[in-house]
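Q: Taking the hints into account, I'd like the entire structure generated from these sequences.
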Amino acid sequence: MRLILKIGNWFDQRLQLGAPIRETMEHPIPRDSASWYYVFGSAAMTVFGLQLATGILLALIYVPSAGEAWNSLQILNHQISLGWFIRALHGWGSNFMLAIVLIHMVQVFLFGAYKFPRELTWILGVLLLLMTLGMAFTGQVLRFDQDAYWGLGIGASICSRVPFLGAPLVKLMLGGPIIAGHTLSRFFALHVFVIPGSLLLFIGLHVLLVLKLGINEWPMPGRLVRRSDYLEKYHAMTRTDGVPFMPYGVWKDVVFSGLILLCIAACALYFGPFGPSGQPDPRIIQTAPRPDFFFLWLYALLSLLPPSMETPVLLIGPVIALIVLLALPFFSGEGEKSWKRRPIAVLTILLVAVGLGTFTNLASHAPWSPVMDAGTGAPIPPKFVNGRTPLEVQGALVFQSKQCHNCHSVGDNGGKRGPDLKEVAVRLTSDQLVRQVLQGGGNMPAYGKNLNPAETAALVAFLETLHPSSQAPAKDASQSSAMQ
Amino acid sequence: MSVPDGLSRRQMLLKVSLLFNGVVGVVLGIPIVRYLFSPVTRGQRAGYESWISLGPIDQFPPGETRLATYRNPVAEGSDGETAEVPCWVRHTDGEKFQVFAINCAHLGCPVRWFPQSGLFMCPCHGGAYYADGARASGPPERGLFEYPFKIVDGNLRIQAGEMPTPGPSAKLYNITTTTGRQPCA
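Top to bottom, those sequences are chains V and L. So in the numbering used here, the last spot in the first sequence is 484, and the numbers never skip. So in the numbering used here, the last spot in the second sequence is 1185, and the numbers never skip.
I should point out that these hints are in silico values taken from the structure, not numbers from a laboratory. Among the hints, a few may not be true.
As the list claims (entries may be wrong) - Residues on chain L that point at chain V, a partial pick, calculated with CB under 7 Å:
id	residue
1	Q1011
2	E1076
3	D1079
4	G1080
5	T1082
6	V1085
7	P1086
8	P1110
9	P1115
10	S1117
11	A1134
12	P1139
13	E1141
14	Q1159
15	G1161
16	T1165
As the list claims (entries may be wrong) - Capping the alpha-carbon separation at 30 Å, the derived lysine-lysine pairs in DSS-like fashion look like this:
id	chain 1	residue 1	chain 2	residue 2
17	V	K449	L	K1015
18	V	K252	V	K383
19	V	K340	V	K383
20	V	K449	V	K422
21	V	K449	L	K1096
22	V	K422	V	K340
We put the beta carbon where it would ideally sit given N, CA and C, even for glycine.
A: Rendered as structure tokens:
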């Protein structure tokens, strides 16, 4: 023990870091800030540490080459002992890191911690969020499978819409004219060198600012922030009613970080690694690319925006969002901190959360995507064939063979792109059905060129039978009165 | 009161040394920037596109639309399978062909051809196109990208080499936006 002390002293005599570290760890913080609500920042940093460690471990095996990457992931998953577990830790660590960073941001926003004098801390935090999202996207590309390949295509297509600079931007992003070897190499450089390096620097500055300016005090309704006297009041508070950061605040940080690491390990163990899905061979077109969880909302947005609004929203939306986030501490740098007296702040968070949640939920069903293999091998449900005339049965066949099922369900597992046709005969008369099938409309392609008159007649006869037994099919009132 | 001689001399030297390093920085910076922008400048100088054969035209029977693949003209060793690019070849009749890029004109996902219904469908965001590549429905703002083609010695050749994207670069693929019949909206 005395030897360790002696060695420690030998180093400290030269490094002279002991005293400043001790001073930093024991600096007084407001008593209420040693709270379970203040553990998310340190947890995010801990998970970043896990990502660094597991990332380096994966780099021992991973080959950043378009021709080899997918194979090296298979080797990690199946041949290297516990390679799958390291991949799973890295993948789940990524999800947890993004989730914790978002929770941290919401907490900071609702507790008014971005107000004077912590504006720069917030701005660095916004940049850290962007970098974390950048890590998630580039990481998804390094898992070089079909989702990664076509995801890059989507990224390039979005880049190409930038006015004037679109074409050069695409080539800069892809490192060439197509998604290929150079594309993966540059995403590897971004994911492994550029972004983590910037993250380390910015995390350092972010934490330095927290230490220099002091942790945010617990917001009390009615205790307003004013630039003139805030610092004075804050220091008076930590002097009179402060507690040393170590051990009062630190032990909660440590417990929570440990708990999060344990959760990541449990998820990794139970759910295993993410993918890779099929080989990144563009010739395999039987694929339905999907982004990772944290980009699902964007996938839904891209499907649901009207075509004319898509480019402006994609290009201007992120810029506006970034400006709002960066400018927030400047137009709301003083005043009330407590969420109890900031209803608009609370509503904003709720709105964003409900919006993102709804889009994410929609994207997990993807009702806008045609079901490519619907009805191809599945039998026609007997209820649609039993007791039908030969013409109607013929129509049911046409319905199956012409991919109507890809977009329409008939009360079963077809596509959700178009309306469910279970009761279509109640809504449309036979003339209207013919018109809709032949000419399309709404969001439906016209089938005039691909159905001969006999097929159309059979299909409409079949559709005419799709109504509940208690409800008669729709009739053209003018026609029936003319007949009489 | 003037500044002591030594001080201003040192300040002057500091400024000169900073200027010197600035010049060194620019000298080093120019090649670095040119290196970084090589994917753009290379395409401008030599061009990425060239005429590539998709094979003899009898592989593509009249009235059918078939998948063909070609190796990208500027492929590198590290590209692996990503250099093998698919495309859809539609042979209407005689020497009339249409060669469509695999990439959806919305956001580049691979479109699939359904001969029974005569539609190309995209698995990502639900775009659909008619047999002649015209937009049928969904989020795309235009028809499928079409490669220029010619027939040389009974071989179908297309001009390709860049991934088509819906932005300004789409001009490269001199495509008439919608040649087919529009659905009644």
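Q: If a hint holds in the structure, say so; if it doesn't, say that too.
A: Hints versus structure:
1. Q1011: violated, 30 Å
2. E1076: With Cβ-Cβ at 5 Å, under 7 Å, it holds.
3. D1079: holds, 4 Å
4. G1080: holds, 2 Å
5. T1082: Status holds, d = 5 Å.
6. V1085: holds, 6 Å
7. P1086: holds, 5 Å
8. P1110: holds, 4 Å
9. P1115: Violated: closest Cβ of chain V sits about 9 Å from L:P1115, beyond 7 Å.
10. S1117: holds, 4 Å
11. A1134: violated, 10 Å
12. P1139: holds, 5 Å
13. E1141: Hint on L:E1141: holds, closest Cβ of chain V at ~5 Å, below 7 Å.
14. Q1159: violated, 13 Å
15. G1161: Holds - the Cβ of L:G1161 comes within 7 Å of chain V, reaching about 6 Å at its closest.
16. T1165: Status holds, d = 3 Å.
17. V:K449 x L:K1015: Not OK: V:K449 and L:K1015 at ~77 Å, beyond 30 Å, violated.
18. V:K252 x V:K383: Between V:K252 and V:K383 the Cα gap is close to 62 Å, so the pair fails against 30 Å, i.e. violated.
19. V:K340 x V:K383: violated, 58 Å
20. V:K449 x V:K422: holds, 25 Å
21. V:K449 x L:K1096: holds, 19 Å
22. V:K422 x V:K340: Given pair V:K422, V:K340 is violated - Cα atoms ~49 Å apart, limit 30 Å.
Violated hints, in rising order: 1, 9, 11, 14, 17, 18, 19 and 22; the structure is consistent with all others.
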